[in-house]
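Read top to bottom, the protein sequences are chains A, B, C and D.
The opening residue of the first sequence carries number 1 in the UniProt record's numbering; numbering runs sequentially from there.
The opening residue of the second sequence carries number 1 in the UniProt record's numbering; numbering runs sequentially from there.
The opening residue of the third sequence carries number 1 in the UniProt record's numbering; numbering runs sequentially from there.
The opening residue of the fourth sequence carries number 1 in the UniProt record's numbering; numbering runs sequentially from there.
Simulated from the structure, these hints should not be mistaken for laboratory data.
These numbers were taken from a predicted model, which means no experiment stands behind them.
Treat the hints with care, since some could be wrong.
The list treats identical chains as interchangeable, and a pair is accepted whether it falls inside one copy or across any two copies.
Result set (DSS-like, lysine-lysine): computed pairs, CA atoms no more than 30 angstroms apart in a straight line [stated by the list, open to error]:
hint: 1; residue 1: Lys21; residue 2: Lys256
hint: 2; residue 1: Lys246; residue 2: Lys256
hint: 3; residue 1: Lys200; residue 2: Lys256
hint: 4; residue 1: Lys200; residue 2: Lys112
hint: 5; residue 1: Lys140; residue 2: Lys112
hint: 6; residue 1: Lys290; residue 2: Lys112
Protein chains: 4
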Amino acid sequence: MHIGFLGLGNMGGPMARNLLKAGHQLSVFDLSPAALASLVEAGAQQAASPAAVAQAGVEVIISMLPAAAHVRQVYLGEDGLLSRVPANVLLIDCSTIDPMTAREVAAAAASKGNPMLDAPVSGGTGGAAAGTLTFMVGGKEADFRQAEPILAAMGKNIVHCGDSGNGQVAKVANNLLLGISMIGAAEAMSLGVALGMDAKVLAGVINSSSGRCWSSEIYNPFPEVVENSPASRGYSGGFGADLMLKDLGLASEAAKQTRQPIILGAVAQQLYQAFSLQGNGALDFSAIIKLYRQEH
Amino acid sequence: MHIGFLGLGNMGGPMARNLLKAGHQLSVFDLSPAALASLVEAGAQQAASPAAVAQAGVEVIISMLPAAAHVRQVYLGEDGLLSRVPANVLLIDCSTIDPMTAREVAAAAASKGNPMLDAPVSGGTGGAAAGTLTFMVGGKEADFRQAEPILAAMGKNIVHCGDSGNGQVAKVANNLLLGISMIGAAEAMSLGVALGMDAKVLAGVINSSSGRCWSSEIYNPFPEVVENSPASRGYSGGFGADLMLKDLGLASEAAKQTRQPIILGAVAQQLYQAFSLQGNGALDFSAIIKLYRQEH
Amino acid sequence: MHIGFLGLGNMGGPMARNLLKAGHQLSVFDLSPAALASLVEAGAQQAASPAAVAQAGVEVIISMLPAAAHVRQVYLGEDGLLSRVPANVLLIDCSTIDPMTAREVAAAAASKGNPMLDAPVSGGTGGAAAGTLTFMVGGKEADFRQAEPILAAMGKNIVHCGDSGNGQVAKVANNLLLGISMIGAAEAMSLGVALGMDAKVLAGVINSSSGRCWSSEIYNPFPEVVENSPASRGYSGGFGADLMLKDLGLASEAAKQTRQPIILGAVAQQLYQAFSLQGNGALDFSAIIKLYRQEH
Amino acid sequence: MHIGFLGLGNMGGPMARNLLKAGHQLSVFDLSPAALASLVEAGAQQAASPAAVAQAGVEVIISMLPAAAHVRQVYLGEDGLLSRVPANVLLIDCSTIDPMTAREVAAAAASKGNPMLDAPVSGGTGGAAAGTLTFMVGGKEADFRQAEPILAAMGKNIVHCGDSGNGQVAKVANNLLLGISMIGAAEAMSLGVALGMDAKVLAGVINSSSGRCWSSEIYNPFPEVVENSPASRGYSGGFGADLMLKDLGLASEAAKQTRQPIILGAVAQQLYQAFSLQGNGALDFSAIIKLYRQEH
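With the rest of the complex left out, here is chain A (with noise of 0.2 angstroms):
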């Protein structure tokens, strides 16, 4: 299949290499020049903007851009893919933004004869490597079905999570609860060694009983617990903290535009970004924990 794919960062990049292993054939777009070389060699077609990926003769374009900003211009700007784009083409928008502009911009795609899915991942740089990501989809039935076999190059987690923009809600929620939960971790964690306990024994009986998350689980925040886990490699890889802030960050913008509380999950963002403030965004985001540890 011939794909339209948009933005080859750290994690675009080997999504776009993935499609590329499972024979399709790919047009790609990014503003850097390196990025887009790197793909070239690997066998894509460079394209000079977005709207030249449009008019490439492409049955299906991928997205994978930092922001809602970022998505509002390749989309909805002067020049910009809904513009040029022909009808029925399928638009697949893998960036992390809020519900309100995945649904603003599928809203205006759809007048525009263009059926479109926002199809947020998670599972990090590695997952993106190693083709293992989860998807969580919104939008129509029918276009997930044919958006299926194409993430499956990709990831081997696709779920669909209804209509327009509710892949961004499944993603928005499911971070929240993990921001939430990994600071709980840290706190359990600290306070049950700080009172005495071994913290592989403590994790234990925690994940045998009704404490257990995966925060606790698979990624518990204090050293040597997890094997091979951040914690246990100086915080370092992972997913970092200061990707956890921007996702709580949608998760407020989101519980603000719809008059919801989040009280802890408003702490978690701020102490994120006392955290990050502190110089700590680039560490893995188990490393809040060092806000409940003397440095030894």
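Guided by the hints, dock chains B, C and D onto chain A, whose structure is given.
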């Protein structure tokens, strides 16, 4: 085996019954004549005081009391257990109290020649009746080995958490994380639904992703997501909000004593306190989601 | 002086009247025919659009609009003020909006040759009617000097806060602290009374000590402590909880944009959001004390 | 007058000196030989124990101790004050402790025929030396009248707060609000400056508006805003962060006992706990603003 049992309330009563069913001989005491009479009818021998239990020729004494003050009084008080119990009788306190008091009482017992375990439980009155409690046990390995078959008559998950007090540490840490993740689940579910997503679909996505926790998966606070959960039957039964408030109070007390911060935990405690003030303390603790949803 | 006035709502209406009383000639616009008619009856000239106000031969234009989106549209929109207003006409925006938008609009005005000030107010509808508002003004010193006598017809405290946008900065920072200290006063008063102290005596001690703040002294949230306060008349009138919620939302938005944490501020925002969800948004913002007291 | 004085530390030492200066005769006790020697050199008579002070023929006994445990031991312990002091000797405890303990000790004193006042102070070591402390006094009106001239030798603001324990209630409520409003001032100042405003100008606007509080006006946490404030001398001197942490701990303990929520207060306590964990407990409590600002 001849066992002494002190405290025959909502938890202690059914626990003692399960010991009788397992064929043990019981000498029991409680301040409530009704509670005593009920156990006597089931086959236990009545004792007139904790001291009388201590002198009834028992090999093991189990206590299940409401709070640290009661534990102090029963064990350390004038004419208390420790003043009367023969050396080598194994003492097992199943009350949920702060780790410091647990360690202090165990040290006093040791100085009189009595091994002692702290063994708080989780699983609620349902688990007590069904004999499926989890016991988190602190104390010496050999004493734990001796207690294990006795506790197995009352529970199905008996975990050794390390030295004296660590059963309490494990419980306080687990329930701290549980209180936080339950409120996190309430915020995430409420926000997702306010943003237009179906509650069951959202829970499904979260439970196959990184937001997954016991509170989202087994005990989801949103109505009609998990069959037979308290949320699906009007928040009756289950683990009362006021009990969660008590456990978060133990966590913040332990945090203060160890000079350890617990930021989300402190907010969680206060939200449960505010919820209780509004008259909701007897509801299941997942009802905290009511703070986040307009009444319908 | 001939002045244009845009936005004749609960605040703008009485402000415009005070300009008429001071002898100024007014050309006014509002989307509401009733609001327009009421000002015309008081002596103002009706204009058909913001553009018409811009071209009515005015020396100064004042706007008082609900939110940043309206300010953008009125000033920057197609056929908006900036596309029609003659150079050198002084623009004064009294709306409460985020500092970034204020600076962006002022920069656009400057590029068309129009000096512009941001001049948000405090003092509420009472202050607007009585002409006793406080104006916090951002912009050039010379422009501030020109505006001062005009603003003096509507307020009694006109403060120059520095360059463009700083009027909004001052308001958002002040109201952030106000929102926090009001909840702090609510917690301190509720706790002190729950511990057995008389509310008036407690307020007296606090107000002569280091806990003293505007919220404890002038606007105490406990009933019957300050005569004629909203708390002493059922929390009617005053500064609505939903307006405080809006201002705390501006603070958290500004904090996010500058990557600055505001931990207590974020909790305060969410408590007002939860309070609003319970149907209390129209009450005075000091009614937040209801979260801390059982209804009697 | 012949007065007994127990506890000659950083606060009690200078307070006792001021009583000597006012012409009173003093019998003093402290566990530290150095502290005792220093007072003896200043003219006091040394006693060998609290009981010895009680029997030295004094008319009044004043105590200034670190925490509730010490107050219990000195007054209620074996061979404690109450077991030896003659009836009618007036007891004045200036320690900052929880209201419940204060009331319990006062009730025990009353049953032995001794009037007792709780009289915690504010004003710090500077106020203790200068004799300008504020005393918040709980107890009977007649006893307050008797104590007033004595306390006037050590302070300039002597406030009767009502019945027994209410001095402690007033202090705990005041310092709860102080802790919250200091962090609020830190957040508002940091945000305003991050948004581009001059710190002094911002403080000026806030202090003439509704955000005004003691923490913004007298004790602003931003450097160089208030001359001679701790913030303007590197946060040395003043009221230590660990003392504020202790007082917020008393507030949360009192809140728990009365089942009263204190949401911002709990967050404030934990922020001070985290700040202390980072090694900052000896700095003035206004240094909490460091959590909000990058080190320069």
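Hints, one by one, checked against the model:
no. : hint              : result
1   : Lys21 <-> Lys256  : neither (42 angstroms within a copy, 40 angstroms between copies)
2   : Lys246 <-> Lys256 : both (15 angstroms within a copy, 9 angstroms between copies)
3   : Lys200 <-> Lys256 : between (39 angstroms within a copy, 23 angstroms between copies)
4   : Lys200 <-> Lys112 : neither (56 angstroms within a copy, 33 angstroms between copies)
5   : Lys140 <-> Lys112 : within (16 angstroms within a copy, 47 angstroms between copies)
6   : Lys290 <-> Lys112 : neither (50 angstroms within a copy, 42 angstroms between copies)
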